[in-house]
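Chains A and B are the protein sequences, given in the same order. Quick note on the working numbering: the first sequence kicks off at 1 and runs consecutively. Quick note on the working numbering: the second sequence kicks off at 115 and runs consecutively.
By construction, these hints were calculated from the structure, which means they are not laboratory data.
Each computed DSS-like pair below joins lysine-lysine, with the alpha-carbon atoms no more than 30 angstroms apart:
#: 1; chain 1: B; residue 1: Lys171; chain 2: A; residue 2: Lys69
#: 2; chain 1: B; residue 1: Lys197; chain 2: B; residue 2: Lys171
#: 3; chain 1: A; residue 1: Lys49; chain 2: A; residue 2: Lys22
#: 4; chain 1: A; residue 1: Lys58; chain 2: B; residue 2: Lys156
#: 5; chain 1: A; residue 1: Lys22; chain 2: B; residue 2: Lys156
#: 6; chain 1: A; residue 1: Lys77; chain 2: B; residue 2: Lys156
#: 7; chain 1: B; residue 1: Lys171; chain 2: A; residue 2: Lys22
#: 8; chain 1: A; residue 1: Lys69; chain 2: A; residue 2: Lys58
#: 9; chain 1: B; residue 1: Lys156; chain 2: A; residue 2: Lys69
#: 10; chain 1: B; residue 1: Lys156; chain 2: A; residue 2: Lys49
#: 11; chain 1: A; residue 1: Lys69; chain 2: A; residue 2: Lys49
#: 12; chain 1: A; residue 1: Lys49; chain 2: B; residue 2: Lys171
As a plain string of letters, each chain reads:
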Amino acid sequence: AQSVAQPEDQVNVAEGNPLTVKCTYSVSGNPYLFWYVQYPNRGLQFLLKYITGDNLVKGSYGFEAEFNKSQTSFHLKKPSALVSDSALYFCAVRPRSNDYKLSFGAGTTVTVRA
Amino acid sequence: EPEVTQTPSHQVTQMGQEVILRCVPISNHLYFYWYRQILGQKVEFLVSFYNNEISEKSEIFDDQFSVERPDGSNFTLKIRSTKLEDSAMYFCASTTGLASGEQFFGPGTRLTVL
Chain A
1 AQSVAQPEDQ
11 VNVAEGNPLT
21 VKCTYSVSGN
31 PYLFWYVQYP
41 NRGLQFLLKY
51 ITGDNLVKGS
61 YGFEAEFNKS
71 QTSFHLKKPS
81 ALVSDSALYF
91 CAVRPRSNDY
101 KLSFGAGTTV
111 TVRA
Chain B
115 EPEVTQTPSH
125 QVTQMGQEVI
135 LRCVPISNHL
145 YFYWYRQILG
155 QKVEFLVSFY
165 NNEISEKSEI
175 FDDQFSVERP
185 DGSNFTLKIR
195 STKLEDSAMY
205 FCASTTGLAS
215 GEQFFGPGTR
225 LTVL
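I would like the entire structure built from these sequences, with the hints used as guidance.
So, in structure tokens, the structure goes:
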């Protein structure tokens, strides 16, 4: 069975400070890894994905994520957070097989204070 | 930029009634999905649909649920006899079908069963 863990329910940072949202996974093989963001009353917006290659993936709005195979982690990062980054962030995984469904973590609420 | 659309944005129904949630996926996409998010919980996979048939479904997707692509653009989720526990946000998603492709989500339909 596959699972995704986001160990922090909430992350609070000051504007301008670095932001990290943690994600670890338990999936057989080498899964595809994704980050999505959800703003209030909105759907899920794709941020970035890891397929293969460089362990540091760059995505939308200045976000990046670091894939660590030995730690089975895929932490989301932003060097300098903005108040507008305040939202709910979801990590998701998909096995490299015919199984196309995404398995999501529970989500991490990010609050960036001015 | 093309996007997934969903109607209605909010549906209120009485327990035992049938509801149909509608989605228009991105036009050149081949795989279609329904997910749901019960308030305060993680996003859960319901069903995937490809080539006019269900390719995978979760244990949540019981006989009360059905999906259909009645024409070349719409993708619907029907709940035959709604229960209180069906109250949730329902998200439609689509993807091109490439193995590494990210799924694009609609804004969701909030279903409230009274």
